[in-house]
Amino acid sequence: MFQINNAVLLRRDLKVRIADILLNNKDLTELNKLPVMMTPKKSDNSIRCCTYKERAVTRSAALAIFGVDFADDDEIKTIKEYAEERLESGVVSPDVLTVLNEGCSACSKNTYFVTNACRGCVARPCMMNCPAKAITMQQGRAVIDPDKCISCGKCLAACPFHAITYVPVPCQEACPVDAITKDEDGIAQIDFDKCILCGKCMVACPFGAIFEKSQMPLVISKIKQQKKVVAMVAPAIAGQFMVDYGKIITGLLKLGFSEVAEVAYGAIVTGQHETAEWIEMNEEGKAILTSSCCPAYVNYVEKHLPEKREFVSHTLSPMRYTSEEIKRRDPDALTVFIGPCVAKKAEALTDNNTDYVLSFEEIGVMLAAKDIQLMELEVSEPSLVGDGPARNFAVTQGVAEAIKLNIPAGCNFNPEIINGIDKKSMFKIKAFMDGKFKTNFMEVMACEGGCIAGPNSITNPKIGAAFLKKSL
Amino acid sequence: MDKKIKIVVCCGTTCHLMGSSEILINKEEIESQFKDQVVISGSPCLGKCKEFAAAQAPYLLINDELICQANLDKVIDKIHQILAKTEE
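Taken in sequence, the protein lines are chains C and E.
Numbering-wise, this note's numbering puts 139 at position 139 of the first sequence, and it's gapless, one number per residue.
Numbering-wise, this note's numbering puts 1020 at position 20 of the second sequence, and it's gapless, one number per residue.
To be clear, the hints were calculated from the coordinates, so they are not data collected in a lab.
Just so we're clear, the structure is a prediction, and the values are computed from it rather than from any experiment.
Watch out, some of these pointers could steer you wrong.
[Unchecked claim] Computed list of lysine-lysine pairs in DSSO-like fashion (alpha-carbon distance at most 30 Å, straight line):
hint : chain 1 : residue 1 : chain 2 : residue 2
1    : E       : K1035     : C       : K224
2    : C       : K469      : C       : K286
3    : C       : K370      : E       : K1048
[Said to hold, decoys possible] To give an idea of the interface, some chain E residues facing chain C are shown, with a C-beta separation under 8 Å as derived from the structure:
hint : residue
4    : T1013
5    : T1014
6    : M1018
7    : E1022
[Unchecked claim] Restraint-style ranges between C-beta atoms, simulated for each label pair:
hint : chain 1 : residue 1 : chain 2 : residue 2 : range
8    : C       : F437      : E       : E1065     : 53 to 61 Å
9    : E       : L1072     : C       : K33       : 32 to 40 Å
10   : E       : L1072     : C       : E283      : 50 to 58 Å
11   : E       : V1039     : C       : E84       : 49 to 57 Å
12   : E       : K1050     : C       : E81       : 29 to 37 Å
13   : C       : K462      : E       : E1065     : 25 to 33 Å
14   : C       : N5        : E       : K1027     : 17 to 25 Å
15   : C       : E30       : E       : E1065     : 26 to 34 Å
16   : C       : K33       : E       : V1039     : 38 to 46 Å
Built from N, CA and C at the ideal position, the CB exists for glycine as well.
Could you put the whole structure together from the sequences, leaning on the hints where they help?
Here is the structure:
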C-alpha cells in the first residue's frame, strides 16, 4: 500500500509544520498562518484550482490533525481555537477517518466513459451489448447514461476502437468492503458500519482528501507536561528509518518518551496463546482457526461475517499484552502504540491499557521537527524485549511461522496465508471458515506484504523488510 | 568521459520522511542505466532543511548542484542534461 506522491508529501509537510509549532514551543497563533504559509500568494505551489482552494484544504487538514471531524467544523473558529479546545479536553476522537469535503474532487461516478476515439461506427457493438440500454448515439458518438450504467464493462470489451475507458473512483475502487458512498454533491462518505479501517482509501485518494484524525498533538502535550509516556513500537518500525533498530529507540527517547517497549514482547504471548488454542481445536477434531492480530481483519469479520466470529482466534493482539504489562508495572504510565496501522486506532479505543496511537509517519514528523538525526545516535535497548519470530509478525507469513515453531512434533499444522484483504481473498476467508479447505490455520493480514507495507509506513516495503530482517 | 557524475542523496530524517529512499532504492538501476557514468551515494543530513524548508525536501547534490524536491524523474533529467553538455 506504500506510496510516495504529492498528496502524501503535502500531508507530511503540514504535519511537520504543526509538530514544529507544538514541540518547539512556538506561539499557537502560528497555526492560523499555516494555510497561507503553505500556499503564499502568487505561489506556484498551488496544485488545485486556485490558491484559495488550496488554503481551505490546508485548514481542514490541519483540523483533522488536531482530531476535529470535518463535519463538526463551523468555519468560524480558527485553527488555534480548535487546537486549544482539543488539547484542553484531551479526548481521543471516536471516529478514525474523516473526509475533507474541501479536498474531495467528487470524482465522477460513471466509471465507463466514451472517449474522443469513438467513431460512431455502424456495428455499434457497445449499444448492442449493453444489458442496461445505457448507451445512446449523440452527434455521431456513443454516450453512456451514468444513471442507467451498471458498470458491467461489456461495452469496453466490445468496442473495436478501444474508445471506451474505465475511470474508477479511486477510493471506492480501493475499498474492499464497499464502505464508500457519495452524497448528493458527489463527495465521498465513509459508512462506518461497513468500514474496516484498513486505510486503503486514504492511500488511494489522489486528492489526499481522506485523512486520519491524528492524536499527535495530544501525545506531544502529554510529553511536554512531563508525564510518563511509554512508546510501544510495533515490530515493523525496524524497517522504517534505514538505521539500526537501537538508534530508532534512542530517537524516541530523545523525543521525550520515558521508555520504549517492543510490541514484539506481546507478540510472543500472542503466539503462545494462539498455538495453545490451535492445539486444543486440533485435538477436538479438525481445527479451523484464523489469526487475530490484524485489527482490520477482525473488523472485517465482526462487521461482515459476525456469525463466523468463533473462527477468529480469541487471543488478544500483541498491543494488548504489551500495554497490559506496562500498566501492571506502572498504572500511571501513559501508553502510546506506534505503528503503520489505521485500524489500530479503533482497537486502542476498546483497550483500556492503550491510551494513544501514533503512526510511523507521525514519529518521522516529530523527529524531523525536532531535527533528531537517527544516523548520528548511539543505540539503546527497549524496556520490554521481543524475539526474532515475534518481530517477524510484521511480515506476511510471520505469524504462521511463529506458531509453527511452537507446535509440538506430530501435529499436522497446515497454514493458509491471506496476504492482503481484497474481494478475491474475502471469498477464500469465507470458504476456509466453511471448512472447504484442507488447511487448518489461516493467517490474515489486511495489507499486502504485512504490517511493513501498512498505510502509514514511510519506507518502501522492500527496504523495510531488509532492515527488519537485520533486527531478527 | 573520465569524470563520473556524483550524486549525493541526503538521508537525514526530513529527507527520508519526504521520500529520499525512493532514489536510493533505485541506485543500482540508475547506475547501470548510465553504464557506470553515475555514482550514487547516501549521506547523513546535508543541513539543507534548516537552510530552506522541509517542504523543499528531499534534497540531493548532483556534481555539487543542489536539487530540491528531488525525485527519480528530476534526477534522470539532470543526468541527461549533464551528459548532453559533456558530449558537445
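Sort out which numbered hints this structure fails and list those numbers smallest first. 1, 2
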